[in-house]
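Student: Sequence:
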Amino acid sequence: MQTTQKQIHLCDCNRSFSLDAERLAAAAGSLACHHALCGAELPALETDLAAGRDVFVSCTQETTLFGELAESQQAGQRIHFFNLRENAGWSAESAQATPKLAALIAAATTLPEPEPVPAVQMRAGRNLLIIGEAGAALGWAERLAGSFEPAVLITQRAGEVELPAVNEYPVWSGKPVKLSGHLGAFELHWTQHNPIDLELCVRCNACVKACPEGAIGFDLQVDLDACRSHRACVAACSEIGAIDFARKDVARSERFDLVLDLSAEPLLKRVELPDGYAAPGRDPFEQALAVQALGEFVGEFEKPRYVAFDAGLCAHSRSKKTGCTNCIEVCATEAIRSNGDVIAVDPYLCKGCGTCSTVCPSGALGFHFPRVPDLGQRVKTLLAEYAQAGGTDACILFHAAEAGTATIGRLARRGRGLPARVIPVEVWSADAVGLDLMLGSLALGACQVAVLAAGSHDAVPLKAQAGHGQTILSALGYTGEHLRIVEADADDWQALETALWSWAPAAAVAAPARFRLLPKKRETLDFALRHLVEHAPAAKAEAGLPAAIALKAGAPFGQVIASDACTLCMACTGACPASALRASGDSYRLEFVEKNCLQCGLCVSSCPESALSLEPRLLLTEDARRARALREADIFHCTACGKAMGATPLIEAMIARLSGHSMFATEAERARLRMCADCRVIDMMKTEPAVKAWDLSE
1 MQTTQKQIHL CDCNRSFSLD AERLAAAAGS LACHHALCGA ELPALETDLA
51 AGRDVFVSCT QETTLFGELA ESQQAGQRIH FFNLRENAGW SAESAQATPK
101 LAALIAAATT LPEPEPVPAV QMRAGRNLLI IGEAGAALGW AERLAGSFEP
151 AVLITQRAGE VELPAVNEYP VWSGKPVKLS GHLGAFELHW TQHNPIDLEL
201 CVRCNACVKA CPEGAIGFDL QVDLDACRSH RACVAACSEI GAIDFARKDV
251 ARSERFDLVL DLSAEPLLKR VELPDGYAAP GRDPFEQALA VQALGEFVGE
301 FEKPRYVAFD AGLCAHSRSK KTGCTNCIEV CATEAIRSNG DVIAVDPYLC
351 KGCGTCSTVC PSGALGFHFP RVPDLGQRVK TLLAEYAQAG GTDACILFHA
401 AEAGTATIGR LARRGRGLPA RVIPVEVWSA DAVGLDLMLG SLALGACQVA
451 VLAAGSHDAV PLKAQAGHGQ TILSALGYTG EHLRIVEADA DDWQALETAL
501 WSWAPAAAVA APARFRLLPK KRETLDFALR HLVEHAPAAK AEAGLPAAIA
551 LKAGAPFGQV IASDACTLCM ACTGACPASA LRASGDSYRL EFVEKNCLQC
601 GLCVSSCPES ALSLEPRLLL TEDARRARAL READIFHCTA CGKAMGATPL
651 IEAMIARLSG HSMFATEAER ARLRMCADCR VIDMMKTEPA VKAWDLSE
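For the sequence shown, the residue numbers in this note's numbering are 1 to 698.
Treat the hints with caution; some may be incorrect.
List of simulated lysine-lysine pairs, DSS-like, C-alpha gap at most 30 angstroms [to be verified]:
#1 K351 x K248
#2 K175 x K321
#3 K178 x K209
#4 K209 x K248
#5 K643 x K595
#6 K209 x K269
#7 K320 x K178
If you anchor each label on the Cβ, the simulated ranges turn out as follows [claimed, not checked]:
#8 V250 x G299: 33 to 39 angstroms
#9 M654 x E615: 25 to 31 angstroms
#10 R15 x E113: 31 to 37 angstroms
Calculated directly from the structure, the hints in this document are not laboratory data. Ideal placement from N, C-alpha and C gives every residue a C-beta, glycine not left out.
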């Protein structure tokens, strides 16, 4: 089968950085180097497109120009763009950046496009709810009535505001109780406090004229503090029946596509607000910008289903006992909630920050935009090509597509750029870079991994993951700092410059791993850790490798400790979601496989004796993969017939609890507790006085 010929076009942007065409051609194949590809040398690109070649262009600044040229040649699918200028060329070490350039070129031109992820369909009409004080809310409703289908909830009076003379959209008054839902399906619950039901009101203003205190304004809101209960307004509205001071049915609810919340305190207090909801506050300019943004959400949309969920791996709860809540606690959009023994992810609210997958200890939540195997293959290709081109001390820099790219661009234009050994890897969200990607990248040959937290909602989870990883690496004898979370954005690009240029290379693994990163988080971690342990410098030291590495709370590795209070009831084995705890089949023994333990705490919360505790650590010996006894007991035998009754601690605990009961007041009755069911009945028949039939009277 004939394949399409590939042509790579590199441009040094008016000689603003160095391109070693000979070395790059040896590594990448057919390429051409230009000085002004967007200007005088544009025909070279047009020629290759006309010839039917797949064209790769190392410029993202002029994608519009090049894209229009490709469309004119009906070759829009055959042109691809990648960035060399900001990512490598514009650097104080531009002359030493050829290995990185070769790696970036190889990744951009050889790796296939990732498979598309499942999508979520969203649709929003023009049904707009405006919440706020009467003046602002009604003012915006009047302005937007021609382009939206507004509805107004008045939450506060405002001077001499009048209701619109034409009743062309709903107007309510009341106190918001709860706003839920998402774009195209918001639902508001509120309580109506105004005695005048504005849905029934015909706006005749008879109540305004009838009120002797003037407690009713032209906004048809009743000032209950001024009202003296004459009820003249009720009489004036008798035929309409819109006024009721004794109304009991005050709960109201409606559904909307979009929400403009003009309240001083927004109804939704989240780090990341849902699409279609705007809370600009009281500033008129911010309100205008919010209205403009809401208009862009009208229509049909498709968004990625960022996170995949495997309920079988979830360690959230068992039998109403709560275990892991990591994902619920860190979700910035409140898209994750408890759903019985597992969690539920609302794909309509999820915006793809990926923090949930980072903190999930089991891998039940997996970020799919992009998938870990796709990212792993990119990292593996970059590191291999970088090393083959002569590069050393490679540092992988994960960064978010939008905020991270902007920060790197600002650093390249205004500062020293990225060091020649720092290879940027774009991801949708930096928050999704978990311990599996960090340690996996080090196992594949990187000496360091940095995560640029620009655009992150909260870098604390990232720092915790990096902390666990660094503790492990240091204990294995890898000297230096290997993992760093850099908190910087485009306005603070100097922080990124300082963090990268002052960072001395750390000790790397002696031989890069050959495996690929896998979809399942625990499997990837297992492969990466085994490789890092196999080549650990500490193994060659006199002291050797430690048997176990102590970790901080929250680490996804560790052991369960059982105290003498354990009665071997085995409640923990049913609660454990990872089969780390199990009952032996040949004796009364609680077994534990440390490799499987997630440190989720379900066993601790399920233990009726409070006999279990957690100890975060990483066990390096093969014992981590073997079942070991946590607690073992002799078999308790019936004192009468010798029949096995159960584990001795369990029977003794039962006897201790029942001994104080009135049914077991005598020594003989307490002795029956040590008998099996059959012997207990026989003993009762022998010793208890029986009533004879002839002793019974009518």
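Student: Could you grab the alpha-carbon distance between K178 and K209 and see if it respects the 30 angstroms cut-off?
Tutor: 35 angstroms, violated
Student: Starting from K351, check that the Cα of K248 is at most 30 angstroms away, please.
Tutor: 40 angstroms, violated
Student: Do the alpha carbons of K643 and K595 lie within 30 angstroms of each other, as the hint requires?
Tutor: Given pair K643, K595 is violated - Cα atoms ~37 angstroms apart, limit 30 angstroms.
Student: Kindly confirm whether 33 to 39 angstroms is satisfied by the beta carbon distance between V250 and G299.
Tutor: 36 angstroms, holds
Student: Quick one, are K320 and K178 close enough, alpha carbons at most 30 angstroms?
Tutor: 26 angstroms, holds
Student: Falls inside 31 to 37 angstroms, the C-beta gap from R15 to E113?
Tutor: 32 angstroms, holds
Student: Is the distance from the Cβ of M654 to the Cβ of E615 consistent with 25 to 31 angstroms?
Tutor: 29 angstroms, holds
Student: Hey, K209 versus K248, does the alpha-carbon distance stay inside 30 angstroms?
Tutor: 26 angstroms, holds
Student: Holds or violated: are the alpha carbons of K209 and K269 at most 30 angstroms from each other?
Tutor: 41 angstroms, violated
Student: Are K175 and K321 close enough, with their CA atoms no more than 30 angstroms apart?
Tutor: At roughly 36 angstroms apart (the allowed maximum being 30 angstroms), K321 and K175 break the hint.
Going down the numbered hints, you'll see the structure goes against 1, 2, 3, 5, 6, while the others check out.
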